[in-house]
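Those protein sequences? They're chains A and B, same order as listed.
When the letters of the first sequence are read in order and numbered with our numbering, they come out as residues 1 to 314.
When the letters of the second sequence are read in order and numbered with our numbering, they come out as residues 315 to 642.
Selected chain A positions facing chain B (in silico; Cβ < 10 Å):
{"#": "1", "residue": "Arg213"}
{"#": "2", "residue": "Thr214"}
{"#": "3", "residue": "Arg216"}
{"#": "4", "residue": "Ala217"}
{"#": "5", "residue": "Gly219"}
{"#": "6", "residue": "Asp222"}
{"#": "7", "residue": "Asp307"}
{"#": "8", "residue": "Pro308"}
Derived DEER-like restraints, expressed as beta-carbon distance ranges:
{"#": "9", "chain 1": "B", "residue 1": "Pro333", "chain 2": "A", "residue 2": "Leu11", "range": "47 to 57 Å"}
{"#": "10", "chain 1": "B", "residue 1": "Glu330", "chain 2": "A", "residue 2": "Pro263", "range": "53 to 63 Å"}
{"#": "11", "chain 1": "B", "residue 1": "Lys511", "chain 2": "A", "residue 2": "Ala201", "range": "39 to 49 Å"}
{"#": "12", "chain 1": "B", "residue 1": "Ser469", "chain 2": "A", "residue 2": "Ser17", "range": "36 to 46 Å"}
Away from chain A, derived, C-beta distances all over 10 Å, residues of chain B:
{"#": "13", "residue": "Pro333"}
{"#": "14", "residue": "Glu343"}
{"#": "15", "residue": "Ala436"}
{"#": "16", "residue": "Glu447"}
{"#": "17", "residue": "Glu569"}
{"#": "18", "residue": "Asp613"}
{"#": "19", "residue": "Glu618"}
If you are wondering where the hints come from, they were derived from the structure by calculation, not from laboratory data.
Just so it is clear, CB atoms sit at the ideal spot from N, CA and C, and this is done for glycine as well.
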Amino acid sequence: MLNYAVKRLGLSIAIVSLAMFLLFCMIYLVPGDPASVALGPRATDAMKEALRVKMGLDQPIWVQFWNFFSGAWTGDLGEEVLSGRPVLDVVFEQLPYTLILIAGGITWSVALGIPLGCWAAINRGSFADRLVGILSVAVIAVPSFVVAIYALLIFAVTLQWLPAIGAGEPGDIGDQLVHLILPSLAVGLGWVGYIARMVRASMLEVLEASHIRTARAFGLPDRTITYRYALTIAILPTITLLGVGIGQMLSSAVFAEIVFARPGVGKLVYDAILTRNFPVVTGAVLVTTVIFVLLNLVADLIVGALDPRVRSSF
Amino acid sequence: MSTLSISGLNVFFSTEDGPLHALKDVAFEVPERKIVGIVGESGCGKSTLINAILGLLADNGEVRSGQILFEGSHELTQLSKVEMQNLRGPRISTVFQDPMGALNPVLSVGQQMVNIQYRDDASKAQKAARAVEMLQLVRIPDAESALGRYPHQFSGGMKQRIAIAMALMMEPALLIADEPTTALDATLEVTTIELLKDLQKKIGCSVMFISHHLGVIAELCDDVVVMYAGEVVERGTVRDVFHAPGHPYTRRLLECDPARQTERTRILPTIPGEIPDLRARPQGCVFAARCLQQHLGCDQPQVEQNLGHDHAARCNLADEVSNQEVSA
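All chains, please: the whole structure from these sequences, using the hints.
Now the structure itself:
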């Protein structure tokens, strides 16, 4: 297991490095001079030149890349244009809100998707199965910002059951959870559909396997067969899928944070783009990338922990 | 008293093209402490027979008529789901053909062997000790550490021995072995057969041994049941059936056994043709289309002919044909 974890971690570092390289290329290829953008139209050439030197833009490209790359690995993502605070601090301030939002989205999708998929597979071909199938496609098809807006309109504005905006009183966990319900639903609802379909498909496949026939031939109770013998295997592809899904949830989080006026990395990037605060955009994107890769790593390690075959193949 | 006594068993599957008559008037006995071989080519209904006995027919399958009497007192076709579930495992257990897929890949061997003892009140440690004992009996080296290992860490032969250990752990009255050696190579096949024979003696159970390997049947079994297209075409002791086959199909099958080839040949004998479509069973003999001894009686329903003590063949000509052979 340790061996597997170390190898998987090595792969993650390689992926983050590649992401950094691509990000650097994109910044470099974006038209316009970062110094003149940062200083605005009324800056003099001398001021621009001074900022260029300060930002290291006068150096050859490989030196620039190395500065960016080594800086990023040591946590130096530059400074915010307006206040001069380190970008990393600004991003980390917002990061917990987004991570909690994603965790909420995962909770929704897992808590609804797995039982629904499992139930549909066991009652294959029934009305319930078909209903789950239709609903899955429906929730996958609806974009998360539409879910966010309608959830806000129905539950916060019309019914007034739940708060509409903000992340709740700091320190009041109950209040924060209540504020989390609707945004996390917006982030996770589509994934209820993906997970239900995935669990249903892999559950049907596993239930056909000969080891399930063996389990039945030993007279094990249906419950044991479904939950201990079949679902533990059928869940594995779902965990991998969720690892990838976190990437999409991170982008849904941008909309959810804007619609519900919640603090978070998505809101930070949105505001930073509007104010041309490019170091913050770069830093936030990079931190998000690292989070995504890390959570994928976690998903793979969970699969490794649950599936002895994966463990020993590394 | 027979451990298993099947009579007049008819199993149908409903398909999109109408009902499929998978087992027709199947009748045979598995006497106490005997090993009965079931032989027949693919599609002859061996798997359906096992599933019907175990009460594990697919949703579209149905026992229309007949009896499956277990230990003289349980009529398996009439039992409720729970009653049947309570027999599977402790009283009737099964070893399946595919040792690679027969064990759960994400549970350790120990967990699986402890789980199937869920009906016992014994402690977990006692159940584990029982599992170790069984693994030692099937000669798994280092049985205690084997409990913590997963199926993919064992070879095919070892997995099949583990499956046998699991099946015999609860000392069932009937062991159903569904081609347990087909997926193994020849040397492993011999050791597995010997192991089965030893354990059967030790535990004193009856065995229903399904195989298409005639040599294995001859080696291991007391009685043999020959199946063709969902019908029992011949049954009797191994000696009678192998030495004086009464049904033309049995004779052709024996001729096709490569082990019986005494001369070098480029072409191994086969039985040309295919099993008939079971959705439209022929009125007469099911084997008629492939039979070399066609006769006027072939288009009539075939009646089982008694050929001596506990030896019968479902062919209207069986008497004549075997007599001819004896005189010739």
